[in-house]
Amino acid sequence: MITAERKPFDEILELVGDKKKVLVAGCDTCVAICLTGGEKEAEILASELRIKAGQDGRAVEVEHTAAIRQCEWEYLDMIAEKVEAADVVLSMACGIGIQSMAEKFSPKIVVPAVNTNMLGMPQEHAVWLERCGACGECVIGETAGICPVVRCSKSLMNGPCGGSHDGLCEVTGPDKEEIECAWALIWERLNAQGREELMFINRPPKNWSKSSSGGPRKMVREEAKPV
Amino acid sequence: MAATEVKAADEAVTAAEEPPKKPVDPDFEPEIIVFACHYCAYAAADLAGSMRLQYPSNIRMIKLPCTGKLEVIHLLRAIEAGADGVYAAGCMEGECHYLKGNLWARKRVDHVKDLLAELGIEPERVEMYNMSSAMGAKFAAVATEFTQRIKELGPNPVKRKGVSPHAAAREALGGVAMPDEPPPSAAAPVEEGHAE
Amino acid sequence: MTATEYKAGSNLEKVLSTGTFAVTGECGPPKGADVTVIEEKAKLLKGYVDAVNITDNQTAVVRVCSMASGYTAQQNGVEAIMQMTCRDRNRLAMQADILGASTLGIKNVLCLTGDHLSFGNHPEARGVHDLDAINLIKMYKDMRDEKKFQCGEEMTVAPPLYIGCAENPFADPFELRALRLKKKIEAGADFVQTQCIFNVPKFKKWMEEVRALGLHKEIKILAGITPMKGVGGARYMQKFVPGIDVPQDIVDRMAVPEKGAPQQAEGKKIAVEMIKEFTEIEGVAGVHIMAIEWEIAVPEIVEAAGLMPRPAVA
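Chains as they are written, first to last, in the numbering used here: chain A, 27 to 253; chain B, 29 to 224; chain C, 6 to 319.
Looking at chain A on its own, in the form it has when it is part of the complex (with noise of 0.2 Å):
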């Protein structure tokens, strides 16, 4: 699924200026999902905007509203009395969410409310890691399962580096926590499979032409277009 952090409340504020009608429009798929910006956390964040605003004295208008999913016109429909009647619209939905926003209510202003950061797979409650990076050629079919282009921190295709040290990679994210390096995960999974000669193929360099490095990308799906 498609995850999001939310901003600080100081770089939305920036981005809110001094606009005198909001709406905060969550998304009730991915990032409602991963507790960022559904329903519940747009009213959240207007209410924190309301007392921010109340606390400076400020005469502002806080409303908040959800689409079933933002980056589908139909549900954009359904939101749109809301949005017309705005200064500006504070999205918290991925990336594709706010711009369907700001394509489909254009000129009207859409800013992001949120941070989309990763096509990740909840580990557990809460907790989510980064699984793909929509690369456009999939090669996990030789890397059992695991994918070297976003789980290793050098997208290497012959790994592990030199610095892989207790199945951990050298490099720590963010926050200082431990990341696995994945390519000792590949190893240690391709043994349980019986395929470890699939480690010791040479992979040549990647075709990246497939990805974001190829300009940006369209698909179409030519049977399934109505008639």
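These aren't lab readings, by the way, just hints derived from the structure by calculation. Because the structure is a prediction, the values reported are computed rather than measured. No residue lacks a Cβ here, since even glycine has one placed at the ideal position from N, Cα and C.
Partial pick of chain C residues on the chain A-facing surface, computed with a CB cut under 10 Å:
(1) G119
(2) P174
(3) F175
(4) R185
(5) K189
(6) G248
The list that follows gives simulated cross-link-like pairs (lysine-lysine, DSS-like), each with its CA atoms no further than 25 Å apart:
(7) A/K46 to A/K134
(8) A/K251 to A/K130
(9) C/K244 to A/K202
(10) B/K128 to A/K66
(11) C/K207 to C/K234
(12) B/K91 to B/K128
(13) A/K66 to B/K135
(14) A/K66 to B/K91
(15) A/K47 to B/K187
(16) C/K281 to C/K234
(17) A/K66 to B/K97
(18) A/K33 to B/K141
Add chains B and C to chain A, keeping to what the hints say.
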């Protein structure tokens, strides 16, 4: 009064005396919302009443089936509506009727503290307390301590006229809040700093 | 062997091909547009090493580039081994740079993945990692041997390169470390420099695996040495530097003499002992001395290890 209760009351009072005191406006009477668990704090308030213990009338209680029903937005709504302080009072840790409701409440209160800090509002305006239904003295001591804390902090900067924080919090809670019972009998304003 | 048989004809390649125990050093370029630092380090090492590694933004900290510094080193009488990391360049830049380096007379290149950006002074930079070190080795080999760019297109003049790589016998999983060297050989590496060695028994164990696979016959192995300046540095490496294995007995030994000159002397002594031990290990073709900001110690160590004079190869 049981020995443990005296100790608990003493601790609460001692804790209130620790922070350095700011000049207090003698005319400031804070509005404080208490989210009280039906199984413990609400009953403790009743007991405090029966024991004729005095505590400030600044607190207004909302009864919940469990503090685990309390969500971040409920605390924020009370602050938004102008409550000067808000606290949740749940069962002793390990003794929640629903096992972990009070632990969730503590996490949510802590989260609201973080949110308030981001907004530039004193996180001390929200708090989580634990007590059992037998701790009438602790209930009174907590109410006194917290009221004193809020008096020292001064009014909520988002004071709004014409909105009752109690009503706003109840509204936010919707059907979660339990009906008000007749207020605990002996609750009455007390002199500054007088706990019991 | 005639000159035409050499892959690059570099001094390092020639020394190694004669079977002489090789010595390489290492120089870090400065954090500023200052040519004198490499000039001076090159003068210190001249005649004591067969070639010197010029690091490429080591530990992800910006410095004078390895190509310009490599050129300076060569102007000052020491052959350069230009380090090239995958962290800061994509395949276009890595090919352009090696062609450029080649036109400046640089013949040795060391292909590295590179320390992660998070360790350096620009942690907010975008890491490139278009290729990994093994891809890089293969790309340079194809440029040299097939006269082809990575895309398959032919080039006008192939760069004569002696291609090196690094390997860390102390990283995990241990059972993969020799096998990973094999992958690098298959990709086209001519020589390998190891991570600095303190745990000699473990290194010997790794060499056993290397010999069991016959790899020592396919690649020239230079054992990494870092002379310790003091017990503080030893403890720091033991605790904080990932991928370095400093056994406690080495730290204890460094702690015995007094701080300053006596500890430095002990550090040099340990380095000399290790070098002598490595000369006895089958398959070890030389040593790579990484005297980090202590280049001045290198001549004395090389001398004491009995590796002087360095061979003059035509």
